[in-house]
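Undergrad: For the record, the sequence lines run as chains C and B.
First residue of the first sequence? That's 1 in our numbering, and the numbers climb one at a time after it.
First residue of the second sequence? That's 1001 in our numbering, and the numbers climb one at a time after it.
It should be emphasised that the hints constitute simulated quantities derived from the structure, not laboratory data.
Treat the numbers as computed from the prediction; the structure is a model and nothing was measured.
Ideal placement from N, C-alpha and C gives every residue a C-beta, glycine not left out.
Just so you know, not all the hints are guaranteed correct.
Restraint-style ranges between C-beta atoms, simulated for each label pair [said to hold, decoys possible]: (1) B:V1558 to C:E136: 57 to 65 Å; (2) B:P1706 to C:A143: 44 to 52 Å; (3) C:E136 to B:R1842: 50 to 58 Å.
Each chain, written out:
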Amino acid sequence: MTSFPTFYSLDAQALSGVSVSWPLMCAPTESGTKGTRDSNTLKKPCRVLVVDDEDGFRDSLIFKLKKVYGATVEEAKNGLMALNKIAEVREGESFDLILMDISMPPGPTGIDISKEMLRRGAGGQIVLMSAYSTLEHQEEAQALGIILLPKPIDKDVLKNIILSCGGNTIS
Amino acid sequence: MHSRTDIKNTEPLRYDQAHPIAAILQTRLGVSFAILALAHLTTTFESPARISWILTVYIVLTVLLVLLFSTVLDRKRVRAIPILFDLLAISLILGSSGGLESPWFLLYLFPTMSASRYLGPTWTVMIAVLSALSYGTASYILAGDSVLASYLFWLSALTLGGVAFTAANLVKTKDRAEARLVKAVEQIDREILRNTDLTRVMGLILKAAMDVTDSDLSAIVLVDGEKITGTFSASKRLGKDTPGGWEQDKSEADRLVQQHYRQVLRSQEPLSLPEQNFTTFFRRNSPGRGAHWPGRLVPMKTEETPFGVLGVFSRRRLHLFTPNDLRKLSSMSSLVAIAHKNAKLVRDLAARELEVKERLQMLYKIGEQLKAEQGLDQVFQDVVALVSARIGSEEAALFVPDDQEEGIEKVAVSGPDEETTSRLYELERSYQGGKSLTWQVFKSKESRLENDIPLHEAYADVYSKQLPSRTARHYMGVPLLIGDEVLGAIRVLNKKAESYSPQTGEAKLAEEGFTQDDFELLTLIATQVASAIRNAKFIERNRYFENLVYNSPDPIIVLDKEGNIKNFNKECEKIWGLSESNALNQPIENYYESAEHAKEIGRALWKAKDHTIRDYNARIRDVDGKIIPILLSATLLLDKADQIIGSIGVFKDERDMLRLQEEKLRDEKLAALGRVAQTTGHDIKHDIATIMNYLDTLEEDPNSDPDTLHAYSAIRGATMAVLNKMQNLLMTAKPKAPQKQIVSLKDILMEFEASVAHQASVAHIMFSAKYPECDAYVLAEPEQMRQVLANLFGNSLDAIKAARAKDQRSAGQIEFELEVGKDLVLLSWRDDGCGMPEEAQRKAFTAFFTTKNSGSGLGLFITKTIIENHGGHITVEPAGASGICFQIILPVFQDNLHAIPS
């Protein structure tokens, strides 16, 4: 665990000093699971923006975020709407986490939107999702220091990300 | 050639040159004067005056008779009239001179002899009888009768008869001799006509010469200019006397003839041999006796030109060669001349025939050699080699028009030796207009023969330097003509002398240069060469086209005007399933669907514009009788007179096109399906993701009872299985390069073990894993690694189910073990399922291969693809009693920061 590839260092920066290690993403240890279950107290509701053009998936994810993590969730059907949401956000109510699909035809891709968000300096951890990610997507995400998760999203990985963004589980 | 007239003209047998009328007059007048003189000289006559009167009347009547009947007296019978006159006159004289007592009856001998000479033996006897009767009658009438007189009469009559017989016999003998001679001459004529060997003809002539002169040895010397061309000798009787001595006599005769012929030729007179004297006459049986035999040498001449000597020799010491003999011998000279001339003619003819034959043979050989089976270049080479060999020239070269048709180009050359040839070849490869003799020959289409080329003639000096003879003096150039078209020219330089030999350095040229014969020969060869070149060109072109047609990627068929197959190319062979040799010359209607269909196509072709049809829907029948649809494009072939000479057809196998269309369609369908699979696949993944999100939420419900949780777990397992299958499908439709990360294989395995634990327990499967102490890091895409494990799990699950279907007591165990080495990790995955037959093991990783009823045949294929994309390796082998073991080897990630690209 002593050495991480550059990608993860950048990742760590992007997560504002919160360390998200790959074992957590890939294979949650017993202790990790227990740890999260133990610290199950909700300090403040985590603000999450879910951007996806797939209604079913978006609804299910919002349902899960609300039920399991008690998060405050905003949704956007496409990238432009997401940018509007961010722009409309009031002071002190910025999103902690933005979960965004890559492919949202006919609009711009999640990667393009991420670039724009980063450019605008909007707060919040951006995490990209894709049912079918190409190597180019992977490389671009890596270059931006953004995590790219395959759909369906592993529940433990999601949990770790939520926790790292200051969120918590309800139960 | 001889004709009968030639021989007649020579008139070899004319012994009596005098005119019969003149002869009659001469003899009668002579005899009459002799009688007159005798009558006056003898005193015993009672009345010589009366005899004078009788004779005077006789002479007058004879003259009148001769004058009156001169034109008819040549005839044998009319010749008897003067003789009858004679008889009358003699009878009158006899009567007046004393009747039976007078010896004047002997006068009757005169007409008797005359008859023998003119009228032959029969008439001689008849005249003798007439004489005797006349004598008797005259005596009886004029002188009275007596006993003595009757005896005298009979005696006189017998005397006359005897003389007549003798004369007749002599004439007969003479006739026989002449007949023999005529026969001999005829035989000789025949032999000459038959072109018999000269020796044999000469032998016959010599035999005839001996025959007519009754001699024993004869010889001929023929002189042609200064040269003796031959002596021939023959002997008739010698062999019998002295066996073995013949040759000696013969050579003796030859020697004598050789010795004396010049003298005879000079004098042109017969010569007697030897100079007879008493010494030689009495020398008997001495060696070389032939030398002393009497002989005659007669010059032989035609039109005063002596050409030889004919000699005869007799072994009898006293042999009378009469002048007549000599004349006969002389007359033989014409025979010899004819025979000689004929032999010469025959020889010349034979020589010419031989020459013609040789020339024909040579031309045939040239034709053979130049048979256009070979390529043009070879023909050119052969031509020059042949020409220089046949003509005997120092150099021979062949020129053809160059590609630009502006000049002529030297395409082959032949010199006296190889080295010179190669040097000569480099000389003046192409001749431009107006610069050389050969160009002029080519341009004017006229052959040239120059035996004294001036040195300043263009190129002559250039050639002089290269040729061994150091000159370019003799020249012959002949255009290669076919009709009016000139295909090139052959040129030869320098006629070689007999002694010419490049090996010995002797390079002498023939003084006279090329002869007219050479010129003609070259012209002849040129015609052969021209046609050979034309043939070769034609054949080359023909071959080119045949090749083109035969190897065409499209089936091409050529028919003659009767509709028989003349060309059947490779593609045709394929379509019909017939070899060209079987199809050639067969009527095409046998190969179309039906004869009616063939006729229909023929009509369509005839009616079509330009007699050309395109993409006509036709049907052919292959060797198995199968009907094949084709698209036929065909045209009629017409000659210059617009007469049909055949047709040519190119076609396409419509089955190919249909097949191609089908393939294209299928590919398009597959591609569309692939696209659909891709999009649908992702949609499905979204749907699964949705299910999973809800499931995650439900599972987090703390109030759920264990049964509900169990149900959630089952849903999760089934959904994951769907997801995995979807992944395989997507990977196959569009393989994806792994997005590699450094991962702990141990973690992945443990996570996987946990994720399928529930599923395994539901299926009553003992699922156990062995991990090493230390972790193993590999560079891999976790998702794909999970897919590999899911595939192996699915495979084992199915195998165990299959085993249980056979045997309920089957255990159902899956074990996997991870071993970590320095560079490699080994993952062994073992189950005790139904196992795999050996055949299936070999094909296990092949796409779409499955032994299961419901399998897609993709799982293990994708597994292998993924492992190999990660630089690893997977094998399968039987394990335990029935199970199977997969072994996966992956390279270990070397724990080195510098190995990771930043």
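Undergrad: Look at each hint and say if it fits the structure.
TA: Hint by hint, here is what the structure shows:
{"no.": "1", "hint": "B:V1558 to C:E136: 57 to 65 Å", "result": "holds, 60 Å"}
{"no.": "2", "hint": "B:P1706 to C:A143: 44 to 52 Å", "result": "holds, 47 Å"}
{"no.": "3", "hint": "C:E136 to B:R1842: 50 to 58 Å", "result": "violated, 38 Å"}
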